[in-house]
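Chemist: Taking the hints into account, I'd like the entire structure generated from these sequences.
Protein chains: 2
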Amino acid sequence: MGEELTEAGGKTRLYVPGDLGQDVAVSLAQGQAHYLLNVLRAKSGNLVLLFNGRDGEWLAQIVQTDKRGLSAKCLRPSKAQRAVPDIWLAFAPIKKTPSDYLVQKATELGASCILPVFTRRTIVGRINTERMAANAVEAAEQSGRLSVPEVRQAVTLDSLLRAWPSERRLFFCDEGGDAQPLAKSARDQSGPAAILTGPEGGFDPTERKALRELDFVAPVSLGPRILRADTAALAGLAIWQSVRGDWG
Amino acid sequence: MGEELTEAGGKTRLYVPGDLGQDVAVSLAQGQAHYLLNVLRAKSGNLVLLFNGRDGEWLAQIVQTDKRGLSAKCLRPSKAQRAVPDIWLAFAPIKKTPSDYLVQKATELGASCILPVFTRRTIVGRINTERMAANAVEAAEQSGRLSVPEVRQAVTLDSLLRAWPSERRLFFCDEGGDAQPLAKSARDQSGPAAILTGPEGGFDPTERKALRELDFVAPVSLGPRILRADTAALAGLAIWQSVRGDWG
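Just so you know, the protein sequences line up as chains A and B, in that order. Take the first sequence: its letters are residues 1 to 248, numbered as in my numbering. Take the second sequence: its letters are residues 1001 to 1248, numbered as in my numbering.
One should not assume that every hint holds.
Once the Cα atoms are required to be at most 27 Å apart in a straight line, the calculated DSS-like pairs of lysine-lysine come out as [claimed, not checked]: (1) A:Lys95 / B:Lys1095; (2) B:Lys1184 / A:Lys184; (3) B:Lys1043 / B:Lys1073.
These are computed hints drawn from the structure, not numbers from a lab. Small disclaimer: the values here were computed from a predicted structure and weren't measured.
Modeler: Printed below as a string of structure tokens:
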């Protein structure tokens, strides 16, 4: 059989949108073919791993279709699909840390959906959702995930809260002081959840008040020090995963 | 009384090495004076917060001593000193994420000591400990900490383990599969602790074997996905703080 293609992070894993199954051949996207041919110097017969978020991970063999085109034929399943913890990250983009970075980390930490939110104190004016989605794919490939988190279009905090599915607990990282530690609050919760972090300078008083009045919102604390927004998002996801997610 | 000097992150806090106490005047370092005078446009009489890691936080009044020099006189204590959780971070520097970034995050997450470690697979050839220490000061000032984490000179993993204080539990983030979740392992532990994370590609088999044979080492898992080294360090600190530290 062919040789496995490896890169710095290990075996080459590729996300493909189409169905996977025994002997199924999928054609690879132009960018993937370019990367495999020109960066990894792939040849027909080389092996890669494919996943699509539904059919598990498959070992597949590369077939060169023409000078620039590649497809990959599934040889055998290498990992069964499994359900992932249902945790979203809603975050106000911040200036100092690119949203790309946050998307990469949130994907590694197992977020199932990533929602950029504009709050009153958000300085960042626009964000590139398409690029964030591409980053999520890349991070999913490298972290061994069997699915890619959905990246939603950015909305205002008001819109987010109005359309919020009320059965999903929203852990709002608050600097107010009287909030419960996230680990404790997450232990007492069941069902789907989300972490919400604010921008530089945090949420403004009207936002904090509005959040605290909602039944699905649980204000939570992340310790006595002031965390940057990106640190809070990553810490929040890690703690939730270790209490309620699949790190147990 | 004077006006409080504020910057993007809130009130201006400065770390000073000297003693603090009622009516004590400390002269500020050249870089601090430059920042206050030229960036924040400080004037005599403006108020700042000072801390030194021992005497709590003090409200102090700026006094201009000459064209470029500033001192600050302590007016009253604003926060009492308190003990911080005794958690170290030992990490192999990685190429994609600057160690400065990791130092900033580890400081926010309350690490008391930061130890760069060279392992067999470490690609980064040298690191700037002085710059890391300066980053730790800045992050401590901005995160509201009352102390600055110590940044140690980089050593090899062998040297680190040979000189390790055996009463300090070393949580070694292992990708081996059979390790206990960090949250569980930390719950069963008491006393001082440290998190150890590897470089790109992880620890090599001889290192993993050597680590697992040591009594003070506890191999721990951070979930089923592959985390980048910096993500693992931050997740490890956040989880330890929520289980054994001051996030409870």
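Chemist: Compare the structure with the hints numbered earlier in the document and write down the numbers of the violated ones, lowest to highest.
Modeler: none
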